[in-house]
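Participant: Spelled out from the first residue to the last, the chains are:
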Amino acid sequence: MATTVDIERNTVLPSAEQVLAGQAIPADRLSDRRTADLAEAARATFERLAQPIGLLADTTIEEFGIIYSGDGMNNAETVLDEIYPISRYLFLFAITVGEPICKEISALFERNDFAAAAMLDAAASAGAELAVEAITRRYENELLSDGRLNSSQAVLPFSPGYCGWHISGQKKLFGRLKPETIGITLSGSCLMQPLKSVSGVLVAAAISDFDVDDTYSFCAECSNHSCQDRYHQLKEIRKTT
Amino acid sequence: MELLQQISDQLEKGDTVKVAELTSQAIEQKLDTRIILDNGLIAGMAVVGKKFKAHDIFLPDVLLAARAMYAGLDLLKPLMIEEGIPTIGKVVIGTVQGDLHDIGKNLVGIMLKGAGFEVIDLGNDVTPEKFIDTAITEQADVIGLSALLTTTMPTMKKVVELAKERGIHGKTRIIIGGAPLSSEYAGDIGADAYCFDGIKAVECVKGFVGIN
Ligand code: B12
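These protein sequences, in sequence, are chains R and W. So for the first sequence, the working numbering puts the first residue at 26; every next one is plus one. So for the second sequence, the working numbering puts the first residue at 349; every next one is plus one.
Hints are computed from structural coordinates only; laboratory data are not their basis.
Restricting the straight-line Cα-Cα distance to at most 25 Å, the calculated cross-link-like pairs of lysine-lysine (DSS-like) are:
#1 W:Lys505 x R:Lys196
#2 R:Lys196 x W:Lys506
#3 W:Lys519 x W:Lys505
#4 W:Lys399 x W:Lys554
#5 W:Lys548 x W:Lys398
#6 W:Lys361 x W:Lys399
Input sequences plus hints: build the corresponding full structure.
Facilitator: Written as structure tokens, this is what we have:
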């Protein structure tokens with residue numbers, strides 16, 4: 026059974042620094058009045074137009090194995106291949122920040138308001154990532170509070186198109202999750218509409234199991250190696266709580 | 349000539365209103381259209397491009413300057429048509445069929461227009477036929493293809509193949525851009541170049557039309 030998850034707008038409202046980061050602008054540039062005003066305007070528009078919503082469905086290791094194999098186009102060895110078979114719980118997910126914000130980005134471009142358009146685009150992208158973060162943490166807290174997870178375990182999201190999971194994997198994921206119910210559709214080329222949407226799986230497992238190598242063949246093309254940051258952040262958060 | 353310097357300076361600051369005012373003044377003073385364009389608007393954008401490349405300014409500054417440039421350009425356009433002034437080159441740009449990502453393509457189009465090229469933006473989800481037909485009818489110098497997903501990359505190859513079929517391959521250059529692409533991929537499919545961003549695209553297209 027899939028469950029719709031309401032996501033509060035203010036939990037996915039990106040900070041001005043996050044909006045700038047998406048455009049490779051250093052945070053100290055907020056001292057420039059014009060840049061700061063543009064970032065604030067983008068945040069205000071995001072707050073007005075974002076319609077964040079998510080969908081979650083639990084799945085089993087067996088069922089996920091079939092979904093994960095997708096069209097058989099994954100890399101020979103992948104990160105999830107190692108983690109999902111030893112995971113505690115698996116939830117398929119999809120989130121979106123909605124169509125109105127995507128339409129506004131296009132409208133701004135059409136009005137030659139390029140700087141505002143690029144700011145809003147970055148805000149919406151950051152907002153989509155925060156929506157993933159929001160449902161991940163919410164489920165993790167739920168699992169922790171009812172004792173299904175202990176303090177050495179945690180939840181992390183993984184998406185098709187990353188870390189060896191071929192983007193065509195979205196077809197089987199959509200077939201099972203049916204994100205159309207929250208207004209997300211998938212095109213033949215695996216493009217989700219609205220554009221600012223993310224799909225994937227939430228994996229609940231031992232924190233140590235998320236300590237993956239970044240030496241897979243596809244890691245060479247990865248620009249940020251965020252897998253390492255995610256693992257270290259989890260360790261840090263647990264240390265301080 | 350001071351007026352042209354002022355246009356360039358105000359454009360650099362991204363002041364749309366002042367650039368429009370000053371461009372109108374230059375037109376009223378009957379300054380040569382080509383000179384207003386080259387020594388005022390394009391000169392200003394060139395400074396902006398250099399500062400952006402050197403990380404002295406950032407994307408919003410470039411985009412505000414571009415908006416100011418467009419305001420000036422809108423005033424010059426009717427004169428350019430009337431006087432038959434050619435642009436330095438024509439670029440047909442779009443996001444390939446199956447892909448709706450357009451922010452990157454838009455930014456590249458803005459940079460190319462800022463450098464003085466005529467840009468024909470076909471939008472997103474563009475078929476190979478549309479790219480090639482437009483390039484032929486418009487006698488474009490360059491076709492710019494954008495794709496953000498690995499699943500839409502193969503369409504780029506189709507565009508190159510169709511360009512060969514229709515006899516424009518080699519004459520009309522094809523450049524590609526987007527996150528999952530690389531120079532190797534450009535080489536593999538027979539495209540002329542891969543460009544990481546708008547700055548690179550401007551350098552590359554200038555090279556193709558023989559401008560340093
Ligand atoms: C922000 C982001 C998102 C945002 C928004 C996406 C968007 N674009 O609107 C969110 C979080 C919603 C998202 C979602 C997804 N994303 Co995403 N996303 C990114 C990210 C980090 C940046 C994209 C971006 O907006 N860049 C800013 C713009 C300005 O840059 P740009 O479009 O690349 O354009 C520049 C250059 O490429 C170049 N250029 C572009 N076009 C052209 C054309 C020409 C002619 C030239 C010369 C140059 C040129 O110049 C531009 C200006 O500098 C990229 C990774 C990356 N490093 O790029 C992944 C990336 C594009 N996403 C990826 C994936 C997989 C996804 C998802 C499928 C994940 C999932 N399963 O949910 C979804 C798909 C969403 C959908 N609608 O279908 C993959 C795609 C890889 C693949 N295998 O196809 C990437 C590459 C990440 C990765 N794995 O490395 N994503």
